[in-house]
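Q: Here is how the chains run, residue by residue.
2 protein chains.
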Amino acid sequence: MADAAVTFGDRTPPQVAPLNPPERSLFGPGPTPVHPRVMRAMAAPVLGHLDPDFQQIMAEVSDLLRYVFGTTNPVTFPVPATGTGGMEAALVNAIAPGDPVVIGVNGYFGNRMVQMAEKFGGQVTRVDAPWGEVIPPERFLAAARASGARVAAVVHAETSTGALQPLAEIAHGLRDLPEAPLFVVDCVTSLGAHPVEVDALGIDIAYSGSQKALSAPSGLSPITFGPRAIERIAGRARPVGSWYLDEALLASYWGDARPRAYHHTASAPLVYALHEALRIVAEEGLPARAERHARNHEAFRRGVEGLGTELHAREGHRLWTLNTVRVPAGADMAATQRRLLDEYGIEIGAGMGELAGKVWRVGLMGYGSQRRNVALLLAAFGELLHEDGLLADAGAGVAAANRAYAQGAKEPALVAD
Amino acid sequence: MADAAVTFGDRTPPQVAPLNPPERSLFGPGPTPVHPRVMRAMAAPVLGHLDPDFQQIMAEVSDLLRYVFGTTNPVTFPVPATGTGGMEAALVNAIAPGDPVVIGVNGYFGNRMVQMAEKFGGQVTRVDAPWGEVIPPERFLAAARASGARVAAVVHAETSTGALQPLAEIAHGLRDLPEAPLFVVDCVTSLGAHPVEVDALGIDIAYSGSQKALSAPSGLSPITFGPRAIERIAGRARPVGSWYLDEALLASYWGDARPRAYHHTASAPLVYALHEALRIVAEEGLPARAERHARNHEAFRRGVEGLGTELHAREGHRLWTLNTVRVPAGADMAATQRRLLDEYGIEIGAGMGELAGKVWRVGLMGYGSQRRNVALLLAAFGELLHEDGLLADAGAGVAAANRAYAQGAKEPALVAD
Chain A
22 MADAAVTFGD RTPPQVAPLN PPERSLFGPG PTPVHPRVMR AMAAPVLGHL
72 DPDFQQIMAE VSDLLRYVFG TTNPVTFPVP ATGTGGMEAA LVNAIAPGDP
122 VVIGVNGYFG NRMVQMAEKF GGQVTRVDAP WGEVIPPERF LAAARASGAR
172 VAAVVHAETS TGALQPLAEI AHGLRDLPEA PLFVVDCVTS LGAHPVEVDA
222 LGIDIAYSGS QKALSAPSGL SPITFGPRAI ERIAGRARPV GSWYLDEALL
272 ASYWGDARPR AYHHTASAPL VYALHEALRI VAEEGLPARA ERHARNHEAF
322 RRGVEGLGTE LHAREGHRLW TLNTVRVPAG ADMAATQRRL LDEYGIEIGA
372 GMGELAGKVW RVGLMGYGSQ RRNVALLLAA FGELLHEDGL LADAGAGVAA
422 ANRAYAQGAK EPALVAD
Chain B
22 MADAAVTFGD RTPPQVAPLN PPERSLFGPG PTPVHPRVMR AMAAPVLGHL
72 DPDFQQIMAE VSDLLRYVFG TTNPVTFPVP ATGTGGMEAA LVNAIAPGDP
122 VVIGVNGYFG NRMVQMAEKF GGQVTRVDAP WGEVIPPERF LAAARASGAR
172 VAAVVHAETS TGALQPLAEI AHGLRDLPEA PLFVVDCVTS LGAHPVEVDA
222 LGIDIAYSGS QKALSAPSGL SPITFGPRAI ERIAGRARPV GSWYLDEALL
272 ASYWGDARPR AYHHTASAPL VYALHEALRI VAEEGLPARA ERHARNHEAF
322 RRGVEGLGTE LHAREGHRLW TLNTVRVPAG ADMAATQRRL LDEYGIEIGA
372 GMGELAGKVW RVGLMGYGSQ RRNVALLLAA FGELLHEDGL LADAGAGVAA
422 ANRAYAQGAK EPALVAD
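Protein chains in written order, with my numbering: chain A, 22 to 438; chain B, 22 to 438.
These are calculated hints, taken from the structure and not from any lab test.
Possibly wrong hints are sitting among the right ones.
Stretches of chain A that chain B covers, calculated by requiring three or more beta carbons in the stretch to come under 8 Å of a beta carbon on chain B [to be verified]: (1) 37 to 51; (2) 134 to 145; (3) 257 to 268.
Covered stretches of chain A, as calculated for chain B (at least 3 residues, CB under 8 Å) [claimed, not checked]: (4) 151 to 162; (5) 386 to 397.
Quick reminder that beta carbons are idealized off the backbone N, C-alpha and C, glycines included.
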């Protein structure tokens, strides 16, 4: 009956118990708490990628992404990969072998960009700044000019340090350079919280992740390619060195072309999740969403000072989404982090690279940016520092945050569940 | 209060209605019907990728994948991308620029392998066969020998044609060649249904997709790298041309190394889905699962003959998972496909490439390989062909399938929900 003999050697199936993951409060650098509406959206019936109903959903996702990116770029879609895959998609398309590339490095993700750019044959000039600082625009622009850069890339929101990179001066300066470098911006931890202004600034390629301030699970990377980027890619002498992440192939699949060209099998649950997450962003509106992030960040910042420590990133350049909290003298970064997980079910991130052992990384993004989460974090930190004999009043952090909320406007209503 | 002015230009959020996708019977080439237990698993609380509980889940996924691949390879994990990304991961790691590569091309996916291999600098020798046939092992081996191939790749289950490629003779023959080419096998549409014997055959790299016979949503690509592949990759003079899909970086993230090296943010819902899908495979057991696929394929094949047509792929080399049904003279491939979707909610696939307009592609894989689905498909096809005046008895297909079931053993119980 069968076309081939069924032989499976002597394989024994492993005995694996059903999943039973605990519920965590996800206040690390990501993943962040997924909105309950997003969880429910994932349970909708799976559609094939050629189904007319699915193609409508794809078009809506692009529309919503254009709104959050601040762009009219037709080529705007989610890369079928995590934010790391989005970074690779941006750079592997933008950089042709031999291209001079300038990259700002003030944290882990700038460094990762350098590693990728070198893999793709870029001749990289690094513009370094201490972790927690931002890249001085004038130094970045000078390096771009001196190297004849064809591509210039920075990280808008450096998840490893909590620093927010100003973009406007760099964006404007790059446009005046004779080589007209493509401007590539990593918005993984800013999109959906901080303003991202692709068209107003003239950003050529921007990408993000689904699991940060958009509050969907990871697995998709929103990206947008502007007309200058598309022209550059189309004119490459050597083809793009990736098939999976090739902009033209992806655009034929996700774009307005009819019939769509088959490229990959879109993950319906992830697309549904992103669709619902973006609808929630649109309902709240970007200005209200930014204000909410700013308010909770500010209250948390004051709470941290109430705990007797401070944020690491320089004032005036701090992310609202990701806070680097300096570990007070006498405290043990890893031990406190572990106790938060074990005793409170709270996940936070450890310091990386230059900040290893020196900071805790605390994310308050998207659905996670709520007053109750600020209170929980400060209460837990306060208790642990108090137990370690490093803080007289365990409630000092929460009290400081509460004063901040009392002084400001009341917290805007969260999106209804 | 905020670190930067909140400006969003004059953006207006698009008005997008909530998702309401219809339920489809997914009998195309993929995605396939997701098992209800898998849908429920996706709703479990999201964990961070550094959470000890998540790392346990990752280890279990690797164990289960080793079982279905038939391997003890330590480097066995899901690539954070669709099956297309798995193909790219296999080839971008295996092929160094300038390497002679031999690829069997008897359908769309063999052709895609050629496109990718050329992107990665491979000097490709194609071994072509008509769509629906298999690659003759002796021709493939002769081409590998003549070209001094460093990498040799075939598609085990050609989703575009329904053909199952015999692997043993090629696998054995390649081992005798002086250049000892790496043997790369695309198992996207075979893993979890047809036997895949990585260690017994000496396959060096095999990859698959989550949304075929494993019955999870798409978005992850199971892959396994054997010791010869890892040695070859580690010894490359030029580094792997991808960061996202770099085997060594992915293995440091997903493998047994402690501490794990950060690489990307794993998509917890997709990992949960794959974990549950693989547990279901282990519960049923691979031999019983293969037998179920074979039985339903055979009944469907006889039903197709009852409809007055036949399968396109050559007898003896037919997939159990994906059937290419010849469109009878007088029938309109696209119109029937569209009526199945509109009137029955059934998704099937269209013929591609050499088979465009000539076949329907009907998937019966994983959870979808059920007697009731065979009956539904044959009933719907029978009715449409009858209405078109191409079939006297609309029930002839179902009747033929029923005779097949009656002659064989009764259908094994499906995995309980």
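Q: Hint by hint, say whether it matches the structure.
A: Quick rundown of the hints versus the structure:
1. 37 to 51: holds (count 11)
2. 134 to 145: It holds, with 4 qualifying residues against the three required.
3. 257 to 268: Coverage by chain B holds here, the residue count being 7 at a Cβ distance below 8 Å.
4. 151 to 162: violated (count 0)
5. 386 to 397: The restraint on the stretch 386 to 397 of chain A is violated, since only 0 of its residues have a Cβ under 8 Å from chain B and three are required.
Violated hints, listed in ascending order, are 4, 5; each of the other numbered hints is respected by the structure.
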